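Novice: Just remember that our numbering sits 1387 ahead of the position in the sequence shown, which is counted from 1.
No lab work stands behind these hints: they were computed from the structure. These numbers come from a predicted model, not from an experiment. Glycine included, every Cβ here is placed at the ideal spot set by N, Cα and C. It is possible that some hints are incorrect.
To be verified - Label pairs and their in silico Cβ distance ranges: (1) P1485 to L1417: 18 to 24 Å; (2) S1508 to C1415: 26 to 32 Å; (3) R1418 to S1449: 30 to 36 Å; (4) D1524 to S1449: 31 to 37 Å; (5) E1432 to D1524: 18 to 24 Å; (6) Q1436 to G1498: 20 to 26 Å; (7) P1451 to K1525: 34 to 40 Å; (8) D1469 to L1496: 17 to 23 Å.
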Amino acid sequence: DNGIAKMKLNTWEQGVLEEEFARPDFVCWLRNPDRKLWSLCLPYEMESQTKGFYPDFIIVRSDPISGYAIDILEPHGDDYKDNLAKAKSLAKYVKDEPRIRRVQMIRKLHGKFVRLDFSDSKVRAKVEQVITSDDFDKIFQNYGFTETK
1388 DNGIAKMKLN TWEQGVLEEE FARPDFVCWL RNPDRKLWSL CLPYEMESQT
1438 KGFYPDFIIV RSDPISGYAI DILEPHGDDY KDNLAKAKSL AKYVKDEPRI
1488 RRVQMIRKLH GKFVRLDFSD SKVRAKVEQV ITSDDFDKIF QNYGFTETK
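Model the full assembly from the supplied sequences, consistent with the hints where possible.
Specialist: See below:
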């Protein structure tokens, strides 16, 4: 039992998790709930205000060197106005916290889940420099990838 049936997930979130379950190194997952004392909350800047951002999923994978690897996954539609601000937050977090392996924002494009991994220094550098949502969309187009064929 992978726990999906017991959680309130939309079909998009469920699809992302199913891709994770298919990975040979998958161990377990946690839904990161909003506004709990123990939840992972990242700050982001938007409209001159600092707000709290709760990435959706924390994934644990097996790792031959350290035993376990921790990932943060954020399925997030491209129609939200906070896309760029949250992307910058994820890029800063992974840069400041090297123990976290994959930090990804995930969009559904053309029926597939396209991932942008902020643990890639090239992606981080581009995201740190970008100013508009349109430019961020171009980063997704150029650096985004799918897990499955």
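Novice: Within 31 to 37 Å: is that where the Cβ-Cβ distance between D1524 and S1449 falls?
Specialist: 34 Å, holds
Novice: Starting from the range 20 to 26 Å, see whether the pair Q1436 and G1498 falls in it by beta-carbon distance.
Specialist: 35 Å, violated
Novice: Is it true that the C-beta distance of R1418 to S1449 lies inside 30 to 36 Å, as the hint says?
Specialist: With Cβ atoms ~20 Å apart, the hint is violated.
Novice: For the hint 34 to 40 Å, verify it against the beta carbon of P1451 and that of K1525.
Specialist: Between P1451 and K1525, where Cβ atoms are some 36 Å apart, the hint holds.
Novice: In this structure, is the beta-carbon distance linking S1508 and C1415 contained in 26 to 32 Å?
Specialist: 28 Å, holds
Novice: Just to be sure I understand the hint, the distance between the Cβ atoms of E1432 and D1524 should be within 18 to 24 Å; is that true here?
Specialist: At 19 Å between Cβs, range holds.
Novice: Is the gap between the beta carbons of P1485 and L1417 within 18 to 24 Å?
Specialist: 20 Å, holds
Novice: For the hint 17 to 23 Å, verify it against the beta carbon of D1469 and that of L1496.
Specialist: At roughly 18 Å between Cβ atoms, L1496 and D1469 fall inside 17 to 23 Å, so the hint holds.
In terms of the numbered hints stated before, the structure departs from hints 3, 6, listed from lowest to highest.
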